[in-house]
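Trainee: Given next are the chains, with one letter for each unit.
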Amino acid sequence: MNELSRPLDALNKARDKRVIVELKNGRQYVGKLHAFDIHINVVLHEAEERVDGEVKRKLGVTFIRGDTIIMISAE
Amino acid sequence: MNELSRPLDALNKARDKRVIVELKNGRQYVGKLHAFDIHINVVLHEAEERVDGEVKRKLGVTFIRGDTIIMISAE
Amino acid sequence: MNELSRPLDALNKARDKRVIVELKNGRQYVGKLHAFDIHINVVLHEAEERVDGEVKRKLGVTFIRGDTIIMISAE
Amino acid sequence: MNELSRPLDALNKARDKRVIVELKNGRQYVGKLHAFDIHINVVLHEAEERVDGEVKRKLGVTFIRGDTIIMISAE
Amino acid sequence: MNELSRPLDALNKARDKRVIVELKNGRQYVGKLHAFDIHINVVLHEAEERVDGEVKRKLGVTFIRGDTIIMISAE
Amino acid sequence: MNELSRPLDALNKARDKRVIVELKNGRQYVGKLHAFDIHINVVLHEAEERVDGEVKRKLGVTFIRGDTIIMISAE
Amino acid sequence: MNELSRPLDALNKARDKRVIVELKNGRQYVGKLHAFDIHINVVLHEAEERVDGEVKRKLGVTFIRGDTIIMISAE
Numbered sequence: 001m002n003e004l005s006r007p008l009d010a011l012n013k014a015r016d017k018r019v020i021v022e023l024k025n026g027r028q029y030v031g032k033l034h035a036f037d038i039h040i041n042v043v044l045h046e047a048e049e050r051v052d053g054e055v056k057r058k059l060g061v062t063f064i065r066g067d068t069i070i071m072i073s074a075e
Numbered sequence: 076m077n078e079l080s081r082p083l084d085a086l087n088k089a090r091d092k093r094v095i096v097e098l099k100n101g102r103q104y105v106g107k108l109h110a111f112d113i114h115i116n117v118v119l120h121e122a123e124e125r126v127d128g129e130v131k132r133k134l135g136v137t138f139i140r141g142d143t144i145i146m147i148s149a150e
Numbered sequence: 151m152n153e154l155s156r157p158l159d160a161l162n163k164a165r166d167k168r169v170i171v172e173l174k175n176g177r178q179y180v181g182k183l184h185a186f187d188i189h190i191n192v193v194l195h196e197a198e199e200r201v202d203g204e205v206k207r208k209l210g211v212t213f214i215r216g217d218t219i220i221m222i223s224a225e
Numbered sequence: 226m227n228e229l230s231r232p233l234d235a236l237n238k239a240r241d242k243r244v245i246v247e248l249k250n251g252r253q254y255v256g257k258l259h260a261f262d263i264h265i266n267v268v269l270h271e272a273e274e275r276v277d278g279e280v281k282r283k284l285g286v287t288f289i290r291g292d293t294i295i296m297i298s299a300e
Numbered sequence: 301m302n303e304l305s306r307p308l309d310a311l312n313k314a315r316d317k318r319v320i321v322e323l324k325n326g327r328q329y330v331g332k333l334h335a336f337d338i339h340i341n342v343v344l345h346e347a348e349e350r351v352d353g354e355v356k357r358k359l360g361v362t363f364i365r366g367d368t369i370i371m372i373s374a375e
Numbered sequence: 376m377n378e379l380s381r382p383l384d385a386l387n388k389a390r391d392k393r394v395i396v397e398l399k400n401g402r403q404y405v406g407k408l409h410a411f412d413i414h415i416n417v418v419l420h421e422a423e424e425r426v427d428g429e430v431k432r433k434l435g436v437t438f439i440r441g442d443t444i445i446m447i448s449a450e
Numbered sequence: 451m452n453e454l455s456r457p458l459d460a461l462n463k464a465r466d467k468r469v470i471v472e473l474k475n476g477r478q479y480v481g482k483l484h485a486f487d488i489h490i491n492v493v494l495h496e497a498e499e500r501v502d503g504e505v506k507r508k509l510g511v512t513f514i515r516g517d518t519i520i521m522i523s524a525e
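The listed protein sequences derive, respectively, from chains A, B, C, D, E, F and G. Numbering follows the numbering used here, with no gaps: position 35 of the first sequence is 35. Heads up: take any position in the second sequence, counting from 1, add 75, and you land on the numbering used here. Heads up: take any position in the third sequence, counting from 1, add 150, and you land on the numbering used here. Heads up: take any position in the fourth sequence, counting from 1, add 225, and you land on the numbering used here. Heads up: take any position in the fifth sequence, counting from 1, add 300, and you land on the numbering used here. Heads up: take any position in the sixth sequence, counting from 1, add 375, and you land on the numbering used here. Heads up: take any position in the seventh sequence, counting from 1, add 450, and you land on the numbering used here.
These are computed hints drawn from the structure, not numbers from a lab. Don't take every hint at face value.
[As the list claims (entries may be wrong)] Keeping only pairs whose Cα atoms sit at most 27 Å apart, straight-line, the calculated DSSO-like set for lysine-lysine is: (1) A:K56 with G:K482; (2) F:K407 with E:K356; (3) B:K107 with B:K131; (4) F:K399 with F:K433; (5) G:K467 with F:K407; (6) B:K92 with A:K58; (7) E:K356 with E:K324; (8) D:K281 with E:K317; (9) G:K508 with F:K433; (10) F:K407 with G:K482; (11) F:K433 with E:K358; (12) E:K324 with B:K99; (13) E:K356 with F:K392; (14) C:K182 with C:K208; (15) G:K474 with D:K249; (16) B:K88 with B:K99; (17) B:K107 with B:K88; (18) F:K433 with G:K506; (19) D:K257 with E:K356; (20) G:K482 with F:K433; (21) E:K324 with E:K358; (22) G:K463 with A:K32; (23) B:K99 with A:K58; (24) G:K506 with F:K407; (25) B:K99 with C:K206; (26) C:K174 with B:K99; (27) D:K283 with E:K324; (28) C:K163 with C:K174; (29) E:K332 with F:K399; (30) F:K388 with E:K317; (31) A:K13 with G:K467; (32) E:K358 with E:K332; (33) F:K392 with F:K433.
[What the hints assert, rightly or not] Under 7 Å between C-beta atoms, here's a sample of chain C residues computed to sit facing chain D: (34) S155; (35) A185; (36) D187; (37) N191; (38) V193; (39) L209; (40) V211.
The C-beta atom is built at its ideal place from N, Cα and C for all residues, glycine as well.
Please model the entire structure based on the sequences and the hints provided.
Mentor: Structure below.
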């Protein structure tokens, strides 16, 4: 298993890019991936909360606790 | 990954500033971020509990257990 | 991050004072904070269980398992 | 924080006394606290299961897994 | 706290005896306690699944994951 | 406690034999137990998903995450 | 227990092949397994979200947090 094939490497490549973060409670946050750690705690910049594809709130810098996250993908 | 790009650094920058803490049960606490740890246990000062944007209770110093937290953002 | 800004310090300052402990199941315990540990297991003295602000049961010395706790604040 | 102010010390003082153990699923066990560990796994002797204050089952020696427990108090 | 007062000692005394294992999902397994570990993973021999006191299935050797268990008592 | 009385030994004896794996969500997988680890992550070969005793899907090699498993028994 | 009989070896053999990942919330992701770790965090390439067998969304590179996963099998 080489260095580049670990899941956190994929997050590292997404750093400073816009990502969609989906939570266990069904909410979706979209923002620039500023930071993450091994617990998948993440910090988004210029974050928005979306419901059914529509922006519900603008949040700025947002810390999301890793254990509430289902999935992170590029926007 | 430099020192400043870790999620807890974002919390550290928010120290002594007003933040919104959203919980898994849907409740929202707003207060000054006084302390936090690696479990994301947090202590707010001058905390208020809000429901649908309205203040429901004033709580003063409040300890919130990290595993109930979804998200922390600037107010 | 100095010694005094950690979440457990806030609990330590509340020791022997009356606190409200709110649980994930919606129940509320009020009592004198006698002890706590890093799991946020707590022991209250002269504890009461409250529902909608009314005392439902008087419990005396009560051990509460940390992972059921949402929040601890001064009464 | 002295030796006597830790939560497990409160359980230790309750050893061999009758306690009420309340579980996350709403059930209540009453019995003599025979043993416990840091996970709050407990063993009750002469245990009874109670529902709404009435004895539903007599169980004798009963092992209860700690992560199902909300609260332990003196009977 | 002497050696004999730990919760796992109670399970050890129940080894090779018939026990009732109750799960978080409400199911009940009855069988001879063959093995257990610190996670409270257990193996029953001659296991039966019971619903409302009636045998629903005979299962033989059965491994039960500890985190699904509420309680273990003598049959 | 001898070597043969640990729960994982029971799984080891079931290796390459057909087992039923029951999940917390009520689903049942039946297949040949190819591998397992201390988290009770398991790999089944020639796996089938069953609902109410009927085959719903044939899956081939299937990895099942341990924390979703309630019980493993011989078919 | 030889090297090849561990659950993560099965995932390793599936690397760069198309897999189905089923989540606790009922959703299904299909994509090429690019990376995984011991928490079963996975990264899929060319990922699609499917509901009832139909493609609902195309996602590209997708990080899925391990604790939301029930099962991974070959497509």
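Trainee: Evaluate each hint against the coordinates.
Mentor: Hints and how they fare:
1. Among the hinted pairs, K56 of chain A with K482 of chain G is inconsistent with the structure: their alpha-carbon atoms are about 33 Å apart, more than 27 Å.
2. The hinted pair formed by K407 of chain F and K356 of chain E meets the criterion: a straight-line CA distance of about 24 Å does not exceed 27 Å.
3. Of the supplied pair hints, the one linking K107 of chain B and K131 of chain B holds, its CA atoms being roughly 17 Å apart against a limit of 27 Å.
4. As the CA atoms of K399 of chain F and K433 of chain F are separated by approximately 20 Å, the hinted pair is consistent with the 27 Å bound.
5. With a CA separation close to 22 Å, the supplied pair K467 of chain G and K407 of chain F stays within the 27 Å bound.
6. Taking the CA atoms of K92 of chain B and K58 of chain A, the gap is about 18 Å. The hint holds against a cut of 27 Å.
7. Restraint check for K356 of chain E and K324 of chain E: satisfied, since their Cα atoms lie roughly 18 Å apart, inside the 27 Å limit.
8. Taking the CA atoms of K281 of chain D and K317 of chain E, the gap is about 24 Å. The hint holds against a cut of 27 Å.
9. At roughly 25 Å between alpha-carbon atoms, K508 of chain G and K433 of chain F fall within 27 Å of each other, so this suggested pair holds.
10. Simply put, K407 of chain F and K482 of chain G have alpha-carbon atoms about 25 Å apart, close enough for the 27 Å limit, and the pair holds.
11. A C-alpha spacing of about 25 Å is found between K433 of chain F and K358 of chain E, which places the hinted pair at or below 27 Å, so the restraint holds.
12. Taken as a hint, the K324 of chain E and K99 of chain B pair is honoured in the structure, with Cα atoms around 21 Å apart against an allowance of 27 Å.
13. Annotation: proposed proximity of K356 of chain E to K392 of chain F holds, straight-line Cα distance about 24 Å (limit 27 Å).
14. The hinted pair formed by K182 of chain C and K208 of chain C meets the criterion: a straight-line CA distance of about 13 Å does not exceed 27 Å.
15. With a CA separation close to 21 Å, the supplied pair K474 of chain G and K249 of chain D stays within the 27 Å bound.
16. In summary, the hint linking K88 of chain B to K99 of chain B is supported, as the alpha carbons are separated by about 24 Å, within the 27 Å threshold.
17. Our distance criterion of 27 Å between C-alpha atoms is met by K107 of chain B and K88 of chain B, whose separation comes to about 12 Å.
18. Note on K433 of chain F and K506 of chain G: the hinted pairing holds, with a Cα-Cα distance of about 23 Å set against a maximum of 27 Å.
19. Restraint check for K257 of chain D and K356 of chain E: the C-alpha separation of about 33 Å exceeds 27 Å, so the hint is violated.
20. The hinted pair formed by K482 of chain G and K433 of chain F meets the criterion: a straight-line CA distance of about 20 Å does not exceed 27 Å.
21. For a cut-off of 27 Å, the pair hint linking K324 of chain E to K358 of chain E stands: about 20 Å separates their Cα positions.
22. Taking the CA atoms of K463 of chain G and K32 of chain A, the gap is near 33 Å; set against the 27 Å cutoff, the hint is violated.
23. For the hint linking K99 of chain B to K58 of chain A, the alpha-carbon distance of about 20 Å falls within 27 Å, and the restraint holds.
24. Proximity of K506 of chain G to K407 of chain F is assessed by CA-CA distance (about 33 Å); at most 27 Å being required, the pair is judged violated.
25. For the hint pairing K99 of chain B with K206 of chain C, the CA-to-CA distance comes to about 26 Å; that is within 27 Å, so the pair holds.
26. In summary, the hint linking K174 of chain C to K99 of chain B is supported, as the alpha carbons are separated by about 9 Å, within the 27 Å threshold.
27. Straight-line distance between C-alpha atoms of K283 of chain D and K324 of chain E comes to about 20 Å, which keeps the hinted pair within the 27 Å bound.
28. The suggested pairing of K163 of chain C with K174 of chain C holds, with an alpha-carbon distance near 24 Å, which does not exceed 27 Å.
29. For a cut-off of 27 Å, the pair hint linking K332 of chain E to K399 of chain F stands: about 23 Å separates their Cα positions.
30. This hinted pair checks out: K388 of chain F and K317 of chain E have alpha carbons roughly 21 Å apart, not beyond 27 Å.
31. Distance restraint check for K13 of chain A and K467 of chain G: the Cα-Cα separation of roughly 21 Å lies within the 27 Å cut-off, and the hinted pair is therefore satisfied.
32. Proposed proximity of K358 of chain E and K332 of chain E is supported: the alpha carbons are some 13 Å apart, at most 27 Å.
33. Note on K392 of chain F and K433 of chain F: the hinted pairing holds, with a Cα-Cα distance of about 17 Å set against a maximum of 27 Å.
34. With 7 Å as the threshold, the beta carbon of S155 of chain C stays out of range of chain D, its nearest partner Cβ sitting at about 18 Å, so the hint is violated.
35. Hint status for A185 of chain C relative to chain D: holds, with the closest Cβ pair at about 5 Å, below 7 Å.
36. With its C-beta approaching chain D no nearer than about 5 Å, D187 of chain C sits inside the 7 Å limit, and its interface hint holds.
37. A least Cβ separation of about 4 Å between N191 of chain C and chain D falls short of the 7 Å threshold, and the interface hint therefore holds.
38. The beta carbon of V193 of chain C comes within 4 Å of a beta carbon in chain D, closer than 7 Å, and the hint placing it at the interface holds.
39. The interface hint given for L209 of chain C is met, as the beta carbon of that residue sits about 5 Å from the closest beta carbon of chain D, less than 7 Å.
40. For V211 of chain C, the suggested interface contact is upheld, since its CB lies about 6 Å from the closest CB of chain D, less than 7 Å.
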